[in-house]
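Q: Line by line, the protein sequences are chains A and B. As numbered in the working numbering, residues 1 to 113 make up the first sequence, in order. As numbered in the working numbering, residues 1 to 307 make up the second sequence, in order.
By construction, these hints were calculated from the structure, which means they are not laboratory data. Don't be surprised by glycine CBs; every beta carbon is placed ideally from N, CA and C. You may find that some hints are simply not true.
Said to hold, decoys possible - So the derived label-pair ranges between C-beta atoms look like this:
hint : chain 1 : residue 1 : chain 2 : residue 2 : range
1    : B       : Val286    : A       : Ala108    : 47 to 53 Å
2    : B       : Lys92     : A       : Phe94     : 54 to 60 Å
3    : A       : Arg42     : B       : Leu160    : 44 to 50 Å
As the list claims (entries may be wrong) - Residues from chain B that face chain A, not an exhaustive set, calculated with beta carbons under 8 Å:
hint : residue
4    : Tyr23
5    : Glu26
6    : Val30
7    : Ala31
8    : Thr34
9    : Trp38
10   : Asp43
So the chains spell out like this:
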Amino acid sequence: MPRRAEDPRWSDPGLLVLGSLADGPKHGYAMVRDVEDTTGVRLGPGTLYGAIARLESRGLIEALDGDESRRRPYRLTSRGAEVLGAQLVAMQRFAGMGRRRLARHAPAFGGGA
Amino acid sequence: MTTRARLRAALVRAYPPSFRARYGGELAAVAADTDRGWRDHVDLARGALRAWAVPAFGGDPAERRRARLEATTLTVLAAWSASLLAAATFSKAVDDPRLPGLRGVAWDAGRTANGVAVVLGAVVLATGLATWLVLTVPAMRARRRDVVVPAAAPAAVVVLWLGVTALVGLFARHVSVRGSVALTGPGGALVLGVLAAWAALTLVCAAACVGAAGLALHRAALSAPRLARTTLVAALATAGIAVQAAAAAYCLAGLFGPHAGLDPYDAVLATGAVVVQVGAAMTASVSAGRGIRSLRAELPSGPGTVA
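Can you make the complete structure from the sequences, with help from the hints?
A: So this is what it looks like as structure tokens:
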């Protein structure tokens, strides 16, 4: 079923950036591509760098010295990994609970395990 | 360069200076690589608005704190300027000539607003002069034209404004009849046009002064301890702006009675002035709060506390 613009969303840009950096450092364009490939969400440049600035100011990610200032890579800090892990556990719990309830009351939309 | 690339570059320039200094190059590169046309343009515009409204500072913690204090100083300076112009407009609307309803508590509130404006002006100008000296003298010694030119610009703008204001005063005296200027009848449109142009010039001059001062402050990259002092004065100024706005709003509320003598023209001017003052007070409060939180975070932990 296609997603509509007014449907509730889970795709917080900050969370998507943290998720993208979970498997290693990336620069901005690589994050855009990775997030689009893995989630189907296309982050605009303003949204991406707004999220990067907020995450960096909270110490959840940090910049690495890149060869070019236009392609600066970022990586998760240990605090960022901790926050991402906690969010993913909460999302997994929520997803499990939602699917169990759907399976009981609307089995057609409950999906497989 | 294509129109699309020019628009993209203009939108990247719309971000706050501290954001551009940290992310500008990367942001421009990613915007050029993704290039989704108007969607990216809207996204960049929204991002720029958000970066001004809810600033986030990257880089190492010391630089983040310095950028936060600089942003607070500049935001409160802009809010104070807007509040000062609004206070003058409010005073013109209700006290020139004085309205019959401006007495009792409304008069006290109006006088409080004026008194706070004068004290606040003196504090801000004294701090501004001290900061200007700290900023300009080393820049002149180092022959840093990028700092000296914007630092000197407000003085030139004020001289220009005073000159134009004197000419407008002479014109008003020339066309006045028994001490009052008629805005209706033959020649009324010309008088109104001159006064409107002068008011617009005043706004442009104020914006130019604040913009140039901000540019000089940003380029001089003052130290965090120096900016901590300007932030404390900004917090004091914020309290003054808030008191001024509350007093003006109270005074205005008292002037909406049946015999207050507030005509529709003055009512619009005074209400607009109060709206600007309240907006300035809210903006300054948010920014000063963030600056003070940043200063408190800098304080060392007491004995026995765990970081």
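Q: Which of the numbered hints above does this structure break?
A: 9
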